[in-house]
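Just so you know, the protein sequences line up as chains D and R, in that order.
Sequential numbering from 1 applies to the first sequence in the working numbering.
Sequential numbering from 1 applies to the second sequence in the working numbering.
Treat the hints with care, as some may be off.
Distance condition first, Cα-Cα at most 30 Å in a straight line; then the derived DSBU-like pairs of lysine-lysine [claimed, not checked]:
id : chain 1 : residue 1 : chain 2 : residue 2
1  : R       : Lys292    : D       : Lys118
2  : R       : Lys292    : D       : Lys156
3  : D       : Lys40     : R       : Lys370
4  : D       : Lys138    : R       : Lys11
5  : R       : Lys370    : D       : Lys170
In short, the hints are calculated from the structure, not lab data.
These figures come from a predicted structure and were not determined experimentally.
Okay, here's what each chain looks like letter by letter:
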Amino acid sequence: MKNNSRRGFMGKAFGAVAAVGALGSLVAMKRSWDPLPSVKAAGFTTLDMSIYQEGVMVTEKWRGKPIFVLKKSAEVMEKEAQNPEAQKRNIKVGEDNFMVAIGLCTHLGCIPAFRKAKGDFLCACHGGQFDASGLVTKVPPPRGFDIPPFKIDGNKLILGEVGPEYQKMKETGVTL
Amino acid sequence: MAHFTKATSVKDWLNQRLAIEKVEKVMASEYWIPKNINFLWAMGMVLMITFTLLLVSGIFLLMYYQPNVDTAFDSVNYTIMREVDFGWLWRHIHGVAASVVFLIIYIHMFTGIYYGSYKKGREMIWISGMLLFITFSAEAFSGYMLPWGQMSYWAGMVITNLFAGGSLHADALVEWIRGDYVPAQAFLTRFFMLHVLLLPLAILGLIGLHFAALRIPHVNNQDGEEIDFDAESKKYLDGDKKGAKVMRFANDFMSKDMMVVGIYLVFFFYLVFWNYSFAMDPVNFDPADGLKTPAHIYPEWYFLWSYEILRPFSVDLGLILFAFAQVIFVLLPWLDRSPNAIAANRRGKPFMIWFWLMLANMIVLTAMGKLPPEGIYSSIGFVSAVLFVAQWVALPFITSRETKV
């Protein structure tokens, strides 16, 4: 009887030590799978917004994803004037207006192509279409292009940092 | 210390230390197999042989493959395919076996369903088998990443995206799985580790469990007959080999088993030497490019049926039904409420129709998953996916009405 209670105690004591060890190693294992600091540090892209030309779509790269940068012409801005949805997505750097968005179709993640003549985007995978503001004009995509976190710094745009303009878009549900 | 005597032979020496004769009896010559079976009972051995082929060819590929985003593609397509003598052989064996192993798994699985081999004490065989199916799926997916071609990259992107859980937008979880914002170096190295170490270890363990689960209930037979293995094996050992309902695993059963394996291997190596291209997607011969999506992203044929269940629905519903399809087979022993553990065709019309419809529907789903989701294909895919779910929901009701045959 005495032996049994001693063994019981030893069993519980071992259980406690093992549980702490198991928990600790789980934490270590989880953390080992986290993105490395070097990966995170490379998660910022700075764009000089003064070099883009109107109506020319340029694909940049941020965190391995394509970023569509389109400087909007006066015509596009006129069209947008009647569309508050589009206006909310507009990114104004200095005097210029831009569409900056993650260039992945929100349906299944294919990369839509820019059609210069029409000034819009067509996804070859399932036929989704987006206008120059990044809004859906033809389904299946469930929502317009996602906008990457950005911060405006003079005529530069820092992707990956959260500025007040982006914060507002996020809060009002313009982007995810 | 235990008592040892001077050995009279090498065999005796080993016997005293390892009891090899006893082990041989337990594992082979006195492991009893029913006589009323057919060639479908050889699929387990066919799978074992295919797994061995994967292991051996994998070892040779492992000596030249480089898990680095800059060199992986060339180490496969140049070094292994052009420089290494017979490198092409290992790669084609590995690729063909990875595809064919799923064909055999599906045959093995549907044989089990047809003959009711998951019932009456055989539940653990079924569960360990389904766990093996899931682990093999993970093994196939992780291996598909390694050549680091376009399909590797985009399949990796799409499959890891599933873990965002649709509207849950669990992007942090997806980034944790990848170790990066997109599939990159960390992703490739960890899937390499999973493919060559952790998942093979799990598979070996599960194969052990699968075999152990067989020992007490024994292998099922064509008639679902309950056999008294003690009495029948005694009959056999007493000399009435003809009258006994059982035979030895080795050499009686094995001799016929290996005959089927032989025919299978002829077919297998025909594919390896002359028709391997079905296992090598042409799109994957373009190096991975994160800024260019292939026009159609589709998985290998063995995942198409579950992919087709995901596809016709909105993101969230699709994910829920996809998860349903992945786990529902595991629950089969409990969803089948019938008291009968016999062949589907003898259990009465309802289950017979259920079985053949399920098999046919999974073939239809597989075909639709490969075709672009447009027009009539998309409608057929939708109906098939709904039918798949409906069949599983109906199963307990259909089977509980069955009477004992």
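Results for each hint:
no. : hint                : result
1   : R:Lys292 - D:Lys118 : holds, 21 Å
2   : R:Lys292 - D:Lys156 : holds, 27 Å
3   : D:Lys40 - R:Lys370  : violated, 37 Å
4   : D:Lys138 - R:Lys11  : violated, 78 Å
5   : R:Lys370 - D:Lys170 : violated, 38 Å
In the structure shown, a violation is registered for the earlier hints numbered 3, 4, 5, in ascending order.
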